[in-house]
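Protein chains in written order, with this note's numbering: chain V, 2 to 276; chain S, 907 to 1232.
Honestly, the hints are just simulated from the structure, not real lab data.
Incorrect hints may appear among the rest.
Said to hold, decoys possible - Computed Cβ-Cβ distance ranges for the label pairs, DEER-style:
#, chain 1, residue 1, chain 2, residue 2, range
1, S, 1113, V, 33, 47 to 55 angstroms
2, S, 1113, V, 29, 30 to 38 angstroms
3, V, 242, S, 1187, 52 to 60 angstroms
4, V, 158, S, 1187, 32 to 40 angstroms
5, S, 1072, V, 44, 31 to 39 angstroms
To be verified - Capping the alpha-carbon separation at 20 angstroms, the derived lysine-lysine pairs in PhoX-like fashion look like this:
#, chain 1, residue 1, chain 2, residue 2
6, S, 930, V, 96
7, S, 930, V, 10
8, S, 1194, V, 10
9, V, 157, S, 1194
10, S, 1124, V, 12
11, S, 1194, S, 953
12, S, 953, V, 12
Just so it is clear, CB atoms sit at the ideal spot from N, CA and C, and this is done for glycine as well.
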Amino acid sequence: MMNSYGFRKFKNRLFFAICAICVVIAVVPLASIIFEVAKRGVPQLSWTFITATNGNSGIGPAIQGTLILIGLTSIIGIPIGVLSGIYLSEFGNNKYAQNLRTINNIIAQFPSIIVGITIYGLIVLTMGSFSAIAGSIALAFILIPIVTRTTEESLKLVPNNIREASLALGAHNWRTTLSVVLPAAKNGLLTGVLLAVARITGETAPLIITILGNRYFFQGLDKPLAALPLEIWKDALQPYAETQAQGWGAALILILMVLIINITVRLASRSRMKA
Amino acid sequence: MKSPNKQQIQKTIKFKITGDNLFKTLTTIIAASALIILFITGYTLVKGSIPVVQNFGLSFFFGQQWNPVEGGEVFGILPYILGTLATSGIALLIGVPLSLGIAIFLVEMAPRSLRVPISYLVELLAAVPSVIYGLWGLSVFRYWILNYIEIPISTYLGWIPIFSGTPRGLDIFTAGVILAIMIIPTVASISKEVLTAVPNSIREGAYSIGATKWEVIKRWVLSYGRSGIFGAIILGLGRAVGETMAVTMLIGNATGTSAMPKSLFQSGQTLASSIANGFMEATSGSLKLSTYLGIGLTLLIMSLLINVGAHLVMTRVFKVKGGAVE
């Protein structure tokens, strides 16, 4: 009776339904987050809000700080990540590269707060103050392993006969890599780098203990800096409704930055694959 | 005129050959950055936590007292270690079945037109910054948990020790549930790859002896992919253990003995959240600063163990060649 065909078919349908419900359960939080951030964030938006300092009911310094951090981190992290990725993909057929690959995968999974306290011990204590530069080095520690991995993966997708063609024309290895392989892998590389940048844009934990936050606009690389994720965190813990509302406004700007990068990059790479 | 020309050619060839070598040497050195990051992290944390380990020895890891008052300092981090395990455990208990359901739906059941948009939405869950999960958790999700889960359970099952206490929505349970949501993208996307890698011949063989779709999945597909799924679960655990911001904002931040996880509905503390909460109060050179570096070291060791474990499992599952999944 329990194993009749009808019962087995019923079980089949039941599990189909359960799996579909799992998908719905996972999408509900995403929808709710986007809905709430939009609902509570949009009323905050105004020119003053995105340009004025905290004292004048704006989050200008935080937006500026996040842009500075993205810029500095990219300058430090992207060249190192891309070159490491080139090494792993083009010269990586040895034991040393195998080990680096493993280490790279492991440090990519480090909790970001650990990176924060490492940079605190290494830079903030040595320099004697919280600083923009400490924050961007911490973010670079997170960015480098991700960029390394995506660079390696996108270079590996370049077919070998392109390399061989270039070498057959008399180009040297370095020339082949820089002028032939890299341009061929450009799209994948760009996707990976942008997604990595989107990831560090929202990082909060390492920033708490490296840049500290600042009520004013940028004051120098060796001075504390404001940033959007920090602003959200601080505002959310305040008991005042106005400050909390400000946090939702900051969250809206942050989530727009992150989601816009994510969605455009993915849509672009998808349409490319179809073409 | 001939000989200098030849010399020149040789010179250029030599230069270009060094150009190649230079490039290779440069990338080799820069590629060591991963090693350097690992070394710097390990060195800074070990060096920084020496004072606290010298002071308290093993009672640093197994003590429950937390007294930061200068002079009578006592730091034991057992409650935080257990808090980390408790929240991660809840995250796995809730997150893994959901992720598996999603992966199965995407690979085995969903019509082709739905697969891409759904996996896309699930990936977007990973793109939302953790602090926004915290903000949302603090003012929206917390009340869902409180009103629909915690209050009913505590009213009817409050006599069971793990459900005791007055629920406030800011506790170990809420933190665990938000972690469950946050590990879904990791676990689901890796499980999806694992299930996709199961050869179709296995499915066809099972169908041919009359199994229903669910039986094929349960008896053959899942068991074929079980070590890969195990790897996905470990990676999810790694993410849950290290997650900081959302947990810090939702777990209620107890310290010392009151943070010992006894009930799901009590405030607690994890290793990561204790750093985010208290680190800024520690002055340089103090024993307290060393304590937080020691907490960081403990977290680093946990994370290393988990990730090395996951790496070992995953290398066996996908024959990793050059790091890329084949």
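Against the structure, the hints come out as follows:
1. S/1113 to V/33: 47 to 55 angstroms: 39 angstroms, violated
2. S/1113 to V/29: 30 to 38 angstroms: Holds - the Cβ-Cβ distance for residue 1113 of chain S and residue 29 of chain V, about 33 angstroms, lies within 30 to 38 angstroms.
3. V/242 to S/1187: 52 to 60 angstroms: At 27 angstroms between Cβs, range violated.
4. V/158 to S/1187: 32 to 40 angstroms: 49 angstroms, violated
5. S/1072 to V/44: 31 to 39 angstroms: Roughly 34 angstroms apart at Cβ, these two residues keep to the hinted range, so it holds.
6. S/930 to V/96: 16 angstroms, holds
7. S/930 to V/10: Roughly 61 angstroms separates the two Cα atoms, so the pair is violated.
8. S/1194 to V/10: 62 angstroms, violated
9. V/157 to S/1194: 47 angstroms, violated
10. S/1124 to V/12: Roughly 12 angstroms separates the two Cα atoms, so the pair holds.
11. S/1194 to S/953: With a Cα-Cα distance of about 14 angstroms, the restraint between residue 1194 of chain S and residue 953 of chain S holds, given a limit of 20 angstroms.
12. S/953 to V/12: Measuring from Cα to Cα gives roughly 58 angstroms; hence the hint is violated.
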